[in-house]
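There are 2 protein chains.
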Amino acid sequence: MKRKIWLSAITMNSSGHISPGLWAHPRDESADYTDLEYWTELARTLERGKFDALFLADATGIHDVYRGSADAALAQGVGAPINDPFLVVPAMAVVTDHLGFGITGTVTYEPPYLFARRITTLDHLTKGRIAWNIVTGYLDSAAKGAGLLNQSSHDDRYDVADEYMEVVYKLWEGSWEDDAVVRDKKNRVFADPAKIHKVQHSSKHFQLDAYHLSEPSPQRTPVLFQAGASNRGVDFAAKHAEAVFITGPSKNVVKARVDDVRKRTAALGRDPLATLIITLMTVIPGRTDEEALAKYEDYQRYADLEGALSVFGAWTGIDFSTYDFDAPLEYIESNAIQSRIADFTDDNSRAWTVREVGRFMEIGGPAPIIVGSAERVADELIGWVEETGIDGFNLAYALSPESYIDFVDLVVPELQRRGVYKQDYEASTLRETLRGPGQARLPEDHPGAQFRAAPVQAPQRKIA
Amino acid sequence: MKRKIWLSAITMNSSGHISPGLWAHPRDESADYTDLEYWTELARTLERGKFDALFLADATGIHDVYRGSADAALAQGVGAPINDPFLVVPAMAVVTDHLGFGITGTVTYEPPYLFARRITTLDHLTKGRIAWNIVTGYLDSAAKGAGLLNQSSHDDRYDVADEYMEVVYKLWEGSWEDDAVVRDKKNRVFADPAKIHKVQHSSKHFQLDAYHLSEPSPQRTPVLFQAGASNRGVDFAAKHAEAVFITGPSKNVVKARVDDVRKRTAALGRDPLATLIITLMTVIPGRTDEEALAKYEDYQRYADLEGALSVFGAWTGIDFSTYDFDAPLEYIESNAIQSRIADFTDDNSRAWTVREVGRFMEIGGPAPIIVGSAERVADELIGWVEETGIDGFNLAYALSPESYIDFVDLVVPELQRRGVYKQDYEASTLRETLRGPGQARLPEDHPGAQFRAAPVQAPQRKIA
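So the protein lines, in turn, are chains W and A. Start counting at 1 in the first sequence, then tack on 1, and there's your number in the working numbering. Start counting at 1 in the second sequence, then tack on 1, and there's your number in the working numbering.
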């Protein structure tokens with residue numbers, strides 16, 4: 002194992018996340034997502050377990066493919082209501098010192114100028130603990146909220162995203178030199194204007210002629226996460242991402258995706274092993290295998306089939322309500338649907354029914370669930386790392402915060418005993434947890450590095 | 002006095018705010034604005050003093066009129082660098098239970114759909130302590146950052162703002178009925194889709210066909226603040242604002258503005274006395290008049306003339322660097338400048354010099370400074386309320402947090418002794434501090450109230 006296992010928890014500013022229906026379990030507290038205390042307690046738990054980060058997913062539309070309406074999603078609170086992910090971070094930062102925060106933000110609806118300031122502000126307040134999960138939006142319902150008639154084509158969105166990245170790199174890396182702000186009280190100099198540069202940008206979608214509003218934060222550019230699985234999405238990740246979040250049902254699928262990301266990253270001249278790759282996983286641990294299994298069976302009794310189908314419907318564009326739940330899908334429809342299902346399940350050996358598809362997705366989304374004692378869980382996690390080349394896991398919850406408390410109490414000590422997980426935090430910024438102490442900034446081989454401010458020796462503007 | 006004096010502190014997510022240069026005073030800590038602890042300590046101080054709110058100003062451009070560049074502003078950190086105001090609020094909410102937060106947000110650069118979610122999220126996390134200071138943007142440099150060529154005309158911006166308000170009213174008031182979300186674990190019903198309505202909106206600048214992403218927060222629509230001083234701005238305030246923030250140099254000017262706001266509010270069928278009106282004020286208190294005066298003289302030694310002129314230059318569009326600092330302006334330029342100065346100073350009895358203008362603005366902006374013992378300060382504040390009809394004050398700082406600590410330790414007890422200031426918090430949401438317990442929502446006579454969700458008796462959509 003080339004480095005310690007990297008761990009984040011994945012959630013969303015909503016109830017239930019990707020375990021539809023489980024909010025109704027008596028011990029689940031995720032329906033309290035509107036309370037500050039829910040978030041501060043979650044953050045304390047994760048920091049107690051030395052988690053590297055909390056990953057906040059987001060969606061700016063509501064699942065409305067199933068039955069052609071949002072009713073199934075709304076009835077179970079699946080993905081909606083959903084609050085802003087940025088605003089829980091400062092509260093969690095108050096009660097933690099090391100936990101990183103990966104925040105999902107879209108490049109589709111918000112001008113880069115103000116978005117860049119929001120990220121920099123958070124990176125200041127957390128002293129460098131911010132990652133940005135770059136998304137381009139995928140729901141028509143989100144486009145309609147933002148005043149657009151519908152989503153632009155997939156590839157167009159990535160073209161916009163590439164331009165957007167150039168603008169934010171210029172703002173984060175190029176506007177203020179490292180020593181521009183001096184806060185010299187004795188000589189009454191706050192900053193040296195000669196070291197602060199206007200960003201001038203003109204491209205198809207963005208025009209800019211402005212200073213970045215914020216002075217440099219510890220990381221400047223946040224750690225860049227990406228989760229795109231499409232061909233164009235992986236290209237985008239290979240170019241921009243420092244960390245890639247993969248979702249796959251099996252080691253075969255995940256390994257192929259890991260290899261693909263590393264190959265394409267290397268082809269662009271970047272260090273392929275420097276990119277952190279994590280995969281979605283749900284862990285249900287117990288003091289014994291039997292206890293864990295009983296817990297899993299208890300959780301399953303709360304799973305909501307229609308909620309799961311509303312999520313999978315939004316992801317695939319297929320309205321599963323129009324099919325017999327218990328008939329194999331291939332007998333009533335073209336194989337296109339089975340092919341989509343196989344993409345998510347890595348199982349094309351049989352014809353799935355709608356009910357089977359829903360059950361496959363009911364806890365933790367289309368990803369593996371590991372159920373068992375700490376020893377069994379540790380064996381499995383280490384096996385995943387060794388056999389697929391991933392660097393760690395994005396852990397979904399069945400119940401929140403129970404799934405994380407269980408993991409911290411039961412699994413973390415076992416991983417530590419085996420030497421595959423850190424005993425304590427070592428780095429001070431999030432990027433340093435990926436790249437090592439002293440590496441708080443974008444590496445030289447990253448495309449964002451080319452937009453760094455001109456050296457001090459060649460000032461572009463004279464001092465007033 | 003018709004009600005207790007309402008108090009807020011005004012600051013910005015930057016150093017120095019409207020006391021340019023005073024960041025360099027040895028006891029000033031405002032240059033630590035990038036630290037969470039700066040904000041949590043400030044919030045604790047204000048709550049200790051039973052302040053109603055912290056008001057966060059904002060600007061999304063940099064003052065660049067003085068000398069035709071941003072150098073003077075950047076050198077003293079005047080208005081820039083400036084971080085996002087929303088993101089310090091959740092941190093302060095963790096350490097307080099009652100303090101309200103007035104946040105400046107522009108309607109010019111961000112789609113209403115996502116902005117509405119950000120406000121609702123904060124209102125949830127603070128349990129109903131959010132006000133929104135509605136601005137339409139005023140700096141060309143901000144427009145250039147957002148990718149616009151320059152600011153649209155003043156009146157156009159208010160037309161856009163009126164449309165924007167209609168969209169956010171529909172999202173906040175009309176999308177989710179009060180009892181739509183039930184969180185009924187026993188029956189496994191999170192929400193009733195029949196009580197959740199799509200917002201459909203089509204106007205010149207905004208198209209929308211979407212649910213509000215967030216369930217209703219304690220106040221739904223945040224308390225609406227407005228600070229527009231122009232004719233069109235006051236009309237906008239009369240229509241939408243529940244609280245108006247006035248800046249004026251003298252009781253005469255402030256009283257005329259108070260009367261104007263109340264008259265125009267009444268003309269629109271709203272209760273004119275229900276609108277809270279506060280004015281900008283700086284207070285420098287001491288245990289004695291002499292101590293206070295010595296403190297004031299000490300502060301003045303740190304004031305930065307060019308910083309003050311860069312602020313006033315941005316507000317007026319006048320580049321004061323082109324004039325002799327010590328020559329009366331009327332001798333070298335048309336009286337238009339003196340007329341602009343008189344607007345800010347209420348003094349057209351003499352020809353001002355540039356240096357005098359700068360000094361007038363050097364601590365706390367173009368507003369009065371009260372210097373003296375607690376008794377003198379209390380006399381003055383009460384006089385302002387009685388003679389102008391205002392309801393309270395937005396207190397600028399000379400030094401932060403010193404100005405607020407001094408006010409809380411010295412002035413608050415005196416105001417309490419005189420019975421003009423609350424002994425303790427009584428209301429649980431911010432709107433209730435304006436309107437009284439039980440009044441957490443927009444009043445019936447407010448234009449936003451007409452967009453409330455249809456009554457439950459007449460569902461618009463059937464349950465799944």
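Be aware that a few hints might be false.
The list treats identical chains as one, so a pair stands whether inside a single copy or across any two.
Said to hold, decoys possible - Below, a list of computed lysine-lysine pairs in the BS3-like style, where the Cα atoms sit at most 27 Å apart:
hint, residue 1, residue 2
1, K296, K187
2, K51, K240
3, K264, K187
4, K186, K264
5, K5, K186
6, K51, K186
7, K51, K128
8, K5, K252
9, K296, K256
10, K256, K187
11, K51, K187
12, K187, K205
13, K296, K264
14, K187, K5
15, K296, K240
Derived by calculation from the structure, the hints in this document are not laboratory data. Only a predicted model underlies this, so the values are computations on that prediction, with no experimental measurement involved.
How the hints compare with the structure:
When the C-alpha separation of K296 and K187 is checked against a cutoff of 27 Å, the pair qualifies only between copies, where the shortest distance is 19 Å, while the shortest distance within a copy is 63 Å. For a Cα distance limit of 27 Å, the shortest separation of K51 from K240 qualifies neither inside one copy, at 30 Å, nor across copies, at 52 Å. When the C-alpha separation of K264 and K187 is checked against a cutoff of 27 Å, the pair qualifies neither within a copy, at 53 Å, nor between copies, at 51 Å. In this homomeric assembly, K186 and K264 never come within 27 Å of each other (Cα to Cα): the closest approach is 51 Å inside a single copy and 48 Å across copies.
In this assembly of identical chains, K5 and K186 lie within 27 Å of each other by CA distance neither inside one copy nor across copies; the values are 44 Å within and 40 Å between. Taking the shortest Cα distances, K51 and K186 never come within 27 Å of each other, neither inside one copy (39 Å) nor across copies (32 Å). For the identical chains of this complex, K51 and K128 are intra-copy neighbours only, at 17 Å inside a copy versus 30 Å across copies, given an alpha-carbon limit of 27 Å. In this assembly of identical chains, the alpha carbons of K5 and K252 lie at most 27 Å apart only when taken from the same copy (19 Å versus 67 Å across copies).
In the homo-oligomer, the alpha carbons of K296 and K256 never lie at most 27 Å apart, since the shortest distance is 30 Å inside one protomer and 68 Å across protomers. In the homo-oligomer, the alpha carbons of K256 and K187 never lie at most 27 Å apart, since the shortest distance is 58 Å inside one protomer and 42 Å across protomers. In this assembly of identical chains, K51 and K187 lie within 27 Å of each other by CA distance neither inside one copy nor across copies; the values are 41 Å within and 35 Å between. For a Cα distance limit of 27 Å, the shortest separation of K187 from K205 qualifies neither inside one copy, at 46 Å, nor across copies, at 54 Å.
Taking CA atoms no more than 27 Å apart as the test, K296 paired with K264 passes in neither setting, with 40 Å inside one copy and 66 Å between copies. For the identical chains of this complex, K187 and K5 are neighbours neither inside a copy (46 Å) nor across copies (43 Å), given an alpha-carbon limit of 27 Å. In this homomeric assembly, K296 and K240 never come within 27 Å of each other (Cα to Cα): the closest approach is 42 Å inside a single copy and 57 Å across copies.
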